[in-house]
Amino acid sequence: MQNRLLVVSSSPHFRAKGSTARIMFDVVLALLPALVGSWLFFRWRALAVVAASVSAAVGTEWLMLRIRKRKPTAADVNSAIVTGILLAFCLTSTLPWWAAVIGSAFGIAIAKHCFGGLGFNIFNPALAGRIFLMHAYLVQMTDWTPTYFEKKEAGATRVALSPEASQGVDGESYATPLGILKEAFLQKRPISEIRERLPGYWRLFVGNVGGCLGETSALLLLVGAAYLLWRRIIRLHIPLSFLVSLAMLTWIFGGARMVGGEPRMHLFHGDPLFHVLAGGAVLGAFFMATDMVTSPMTPKGMVIFGFGCGAVTAVIRLWGGFPEGVSYSIFLMNMCVPLIDRFTMPKLFGANFGK
Amino acid sequence: MPTTSFKGGIHPPYFKEPTREAEIRRAGLPKIVRIPLQQHIGAAANPVVQLGHHVKRGQLIAEPGGYVSAAVHSSVSGRVTAIRSFPHPSGTKLPAIEIESDGWDTPCEDLRPVADYLSLSPQEIVERVQRAGIVGLGGATFPTHVKLRPPQGKKIHTLVLNGAECEPFLTCDFRLMMERADEIIQGAFLLRKAVSAERVIIAIEDNKPEAIERMSEAALPLDEISVEGLEVKYPQGSELQLIKSIAGVELPKSKLPLEAGFVVQNVGTALAAFEAVAKGKPLYERVVTVAGGGVNQPCNFLARIGTLFSDLLDQAGGIAEESAKVIMGGPMMGLAQHTVEVPVVKGTSGILVFRQSEVEVSEGLACIRCGRCETHCPAGLPTGRIGLAVEFGKFGIAERLAAMECIECGCCSYVCPSRRPMTHYLRAAKAEIMRRRERERAVGAK
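These protein sequence lines map, in sequence, to chains A and B. Take the first sequence: its letter number 63 is residue 63 in our numbering, and every next letter is one higher. Position in the second sequence (from 1) plus 1000 gives the number in our numbering.
Some hints could be false.
Claimed, not checked - Some residues of chain B that are not near chain A, with every Cβ distance over 12 Å (derived):
#1 His1053
#2 Pro1113
#3 Ser1119
#4 Val1146
#5 Arg1149
#6 Pro1221
#7 Lys1281
#8 Gln1297
#9 Arg1435
#10 Lys1446
As the list claims (entries may be wrong) - Computed spacing ranges between beta-carbons, pair by pair:
#11 A/Arg231 / B/Ala1442: 34 to 42 Å
#12 B/Val1443 / A/Ala74: 45 to 53 Å
#13 A/Gly59 / B/Pro1209: 51 to 59 Å
#14 B/Val1361 / A/Arg232: 24 to 32 Å
#15 A/Lys347 / B/Glu1438: 23 to 31 Å
#16 B/Arg1400 / A/Arg4: 41 to 49 Å
#17 A/Arg232 / B/Gly1317: 35 to 43 Å
#18 B/Lys1093 / A/Gly59: 49 to 57 Å
#19 B/Glu1224 / A/Lys17: 24 to 32 Å
#20 A/Arg4 / B/Thr1106: 34 to 42 Å
#21 B/Lys1446 / A/Arg232: 38 to 46 Å
#22 B/Lys1093 / A/Ala351: 51 to 59 Å
#23 A/Leu186 / B/His1011: 50 to 58 Å
#24 A/Arg231 / B/Lys1446: 54 to 62 Å
To be verified - Every beta carbon over 12 Å from chain B, so not counted as near; a handful from chain A, in silico:
#25 Phe14
#26 Val28
#27 Leu35
#28 Trp44
#29 Val139
#30 Glu153
#31 Ala175
#32 Glu196
#33 Tyr227
#34 Leu240
#35 Arg264
#36 Phe268
#37 Val293
#38 Thr298
#39 Pro346
#40 Leu348
Read the hints as simulated data drawn from the structure, not as lab findings. Virtual Cβ for every residue (Gly too), placed ideally from N, Cα, C.
Start from the sequences and build out the full structure, keeping to the hints where you can.
Structure below.
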């Protein structure tokens, strides 16, 4: 016993289970339902984009760690997988595989490792990759396609009319629900007038609408989000404040009505539920804005951050140049995180004594 | 009274079962004891015996080195065989008096029992506590007499007896409450009288219902003493957090509880005070929980101060071959030992031995800003940001972020998924800030 070598370390000598690698793995698990959804709605092309994006992310991570002479850890690899999946989720299924690779590599190499790697990146790497692609390959990035089921439906009706017409379905340019809404908004048309062109709430919720391959189904995303909440990896502060502020602003400012035969913008005539369910709001609110590295640390800061994300999304969707603004809003708010953190320090125990 | 527990904290597994039912057992009389002169916060004690002297059990062998210091007594009868530096549980070598037991265990009668102890004056009580060398037995080892003499003009209204015992594995306070409740209550009565407090609250975590019941029974005849159950949460037993839980008052770390009219004493300290005042027994032994996966027969010992860890571990059935870590105290705030040839001191609440498989050695990864450390920090510190500042050598930032308010409870390290040495960063920050302040003071003095 006298000659035994003992481990000496600073207290505590006890640690909770769980690790960074496990957190990242849990996020991957939480994304699986939506991944299955992307296959259901967009078939193998969706999976090809995901595969390209994920393998590029992991490959770039490994390469960058080699260049920076760091030992790759499970946390690094798992976090790269998360980035790969998240990026793919906000791409269209028709995107060429090489574009997914470029976006993924950009996100990991430039947005993550140039800032210091895991933990030090200011911007969510997946969003940085998407924004890069939006600017580099706008045409490919917005080449929307209807879902498998929509095609089947359309095909069935057209087959009934004439066999030739059904062949044209794939070639038609497809407008996303948010695209239709934006068009109406620009023309100051009341939403009620274009309602029949828009998918219903249930279809939006389930995700049977065209768009980016992982963001369509709020239902499947919420299943994953519930898992993350249960595992205490995310908290509700960011997603709730994000979606609430988006809903409030689009409800207040997002609608028009007919006044004496003239279409007029009118307060409180927007469709908040539609704005929450359509596009990338749910994916962004629960999976991207909640990225620990690029969001504030205190609950108060998280709420400010979430409200900012929702507000910027609403501004872009209503008055900006794009129909969708989730990625830009989170990207912009990522920039504000150091500032938010600075002004939302936790309350020091005993700070109010004697006051 | 509604209890609003403090914010933050953690719920670690408690692992108290192995020793919960282990009645306190008197450890065998050690053949040799090494009694350090520094076993308390404050100045080291000065030896009053010399090499070769014969001493009795309970005899004063070192007198306090100042007001904030404590007397040290022999824990056996025998011959002083060495006065020099020996390995100390704090990790360094410190001066200690080595005594070889003569096996007779002859008691010393310097401090006489008082039959009518209930009529002693507050001054007499504090004096006897001071002479007995009593310090806080919860682990902080602050000299008790200092706490019992509030400065002029400070009125103490509440004496809190801390029986929270929130550290995992440790059951020494629980066993004391179960086995010696009446004496603890007597001690509480004496301590209350010493500080002229109006009431005594005995605070016990709700995971010890038997202790709550036992103490309530014992306190029944005394109206001014009440027992309160606390939320089970670490670090509930931390002095400032405990006051918050009991009374809703948040004190900054720079303030002593007496600023708000509180004095907090560990239940073991109350028992020691009773024994000193009524029975004339100096603090020469204490209860030590010996537990952990590496200990063959986990148990609670009443051990003489100065008994070597190795001696106690042998009496606990020895330790497993694959033992890899020895800790004095609990797993959250205890001190890792590099040898088992260190003595039990007044602050030794437990000796824990862990097997290789229970010991985690990790370097820690980059911070992913998950914020768990900050959510769980009972002191309300921006722990994660302080950790990053320290990692990059920015001690000025650490100071501005109130690093000095850290109570080193270990919650931040406990919850960190990146396995970062958070508590260590905070400790490093505090040490460096102190160094800088001292340097500034030195420059200012010139």
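Hints, one by one, checked against the model:
At roughly 29 Å from the closest C-beta of chain A, the C-beta of histidine 1053 of chain B stays outside 12 Å, upholding its exclusion from the interface. With a least beta-carbon separation of about 40 Å from chain A, proline 1113 of chain B lies farther than 12 Å from that chain, consistent with its non-interface assignment. No beta-carbon of chain A comes within 12 Å of the beta-carbon of serine 1119 of chain B; the shortest separation is about 38 Å. With a least beta-carbon separation of about 21 Å from chain A, valine 1146 of chain B lies farther than 12 Å from that chain, consistent with its non-interface assignment.
With a least beta-carbon separation of about 23 Å from chain A, arginine 1149 of chain B lies farther than 12 Å from that chain, consistent with its non-interface assignment. Listed as outside the interface, proline 1221 of chain B is consistent with that label: its C-beta sits roughly 36 Å from the nearest C-beta of chain A, beyond the 12 Å cut-off. The Cβ of lysine 1281 of chain B sits about 32 Å from the closest Cβ of chain A, beyond the 12 Å cut-off, so the non-interface label holds. Residue-level check passed: glutamine 1297 of chain B sits 16 Å from the nearest beta carbon of chain A, beyond 12 Å.
Residue placement check: arginine 1435 of chain B keeps its beta carbon more than 12 Å from all beta carbons of chain A (closest about 18 Å). The beta carbon of lysine 1446 of chain B sits about 34 Å from the closest Cβ of chain A, which is more than 12 Å, so the claim that it is off the interface holds. Checked against the given bound of 34 to 42 Å, the beta carbons of arginine 231 of chain A and alanine 1442 of chain B, roughly 52 Å apart, lie outside it. Remark: the range hint 45 to 53 Å for valine 1443 of chain B to alanine 74 of chain A is upheld by a beta-carbon distance near 49 Å.
With their beta carbons about 58 Å apart, glycine 59 of chain A and proline 1209 of chain B fall inside the hinted range of 51 to 59 Å. For valine 1361 of chain B paired with arginine 232 of chain A, a C-beta distance near 26 Å keeps the hint of 24 to 32 Å intact. A hinted range of 23 to 31 Å holds for the C-beta pair lysine 347 of chain A and glutamate 1438 of chain B, which are about 30 Å apart. At roughly 44 Å, the beta carbons of arginine 1400 of chain B and arginine 4 of chain A sit within the given window of 41 to 49 Å.
The beta-carbon spacing between arginine 232 of chain A and glycine 1317 of chain B, approximately 40 Å, falls within the hinted interval of 35 to 43 Å. The hinted window of 49 to 57 Å between lysine 1093 of chain B and glycine 59 of chain A holds, with their beta carbons roughly 54 Å apart. Between glutamate 1224 of chain B and lysine 17 of chain A, the C-beta spacing of about 45 Å breaks the proposed range 24 to 32 Å. For the pair arginine 4 of chain A and threonine 1106 of chain B, the beta carbons lie near 36 Å from each other, so the given range of 34 to 42 Å is met.
Roughly 54 Å separates the CB atoms of lysine 1446 of chain B and arginine 232 of chain A, a value that falls outside the hinted 38 to 46 Å. Restraint check, lysine 1093 of chain B to alanine 351 of chain A: a C-beta distance of roughly 40 Å breaks the suggested window 51 to 59 Å. Separation of leucine 186 of chain A from histidine 1011 of chain B is about 54 Å and conforms to the stated range, judged on CB atoms against 50 to 58 Å. Checking the proposed 54 to 62 Å range against arginine 231 of chain A and lysine 1446 of chain B shows it holds: the Cβ atoms sit about 58 Å from each other.
For phenylalanine 14 of chain A, the non-interface assignment is contradicted: its Cβ lies about 4 Å from the closest Cβ of chain B, within the 12 Å cut-off. For valine 28 of chain A, the non-interface assignment is confirmed: its Cβ lies about 15 Å from the closest Cβ of chain B, beyond the 12 Å cut-off. Once the 12 Å rule is applied to beta carbons, leucine 35 of chain A is consistent with being away from chain B; the minimum gap is 23 Å. Interface exclusion of tryptophan 44 of chain A from chain B stands, the closest Cβ pair being 34 Å apart, more than 12 Å.
The Cβ of valine 139 of chain A lies farther than 12 Å from every Cβ of chain B, with a closest approach of about 36 Å, so its non-interface assignment holds. Look at glutamate 153 of chain A: its CB is around 44 Å from the nearest CB on chain B, clear of 12 Å, so calling it non-interface holds up. No Cβ of chain B approaches the Cβ of alanine 175 of chain A within 12 Å, the least distance being about 39 Å, so the stated non-interface status holds. Distance to chain B confirms glutamate 196 of chain A as a non-interface residue, since its nearest Cβ pair spans about 46 Å, more than 12 Å.
For tyrosine 227 of chain A, the shortest C-beta to C-beta distance to chain B comes to about 17 Å, beyond the 12 Å cut-off, and the non-interface label holds. The beta carbon of leucine 240 of chain A sits about 17 Å from the closest Cβ of chain B, which is more than 12 Å, so the claim that it is off the interface holds. Chain B leaves arginine 264 of chain A outside its interface by the beta-carbon criterion, the shortest separation being 46 Å against a cut-off of 12 Å. For phenylalanine 268 of chain A, the condition that its CB be more than 12 Å from all CB atoms of chain B holds, with the nearest at approximately 37 Å.
Remark: the non-interface label on valine 293 of chain A conflicts with the geometry, its nearest Cβ contact in chain B lying 5 Å away (cut-off 12 Å). The Cβ of threonine 298 of chain A does not lie farther than 12 Å from every Cβ of chain B; its closest approach is about 7 Å, which violates its non-interface assignment. Taking the minimum C-beta to C-beta distance to chain B, about 5 Å, the non-interface status of proline 346 of chain A is violated against the 12 Å cut. For leucine 348 of chain A, the shortest C-beta to C-beta distance to chain B comes to about 5 Å, within the 12 Å cut-off, and the non-interface label is violated.
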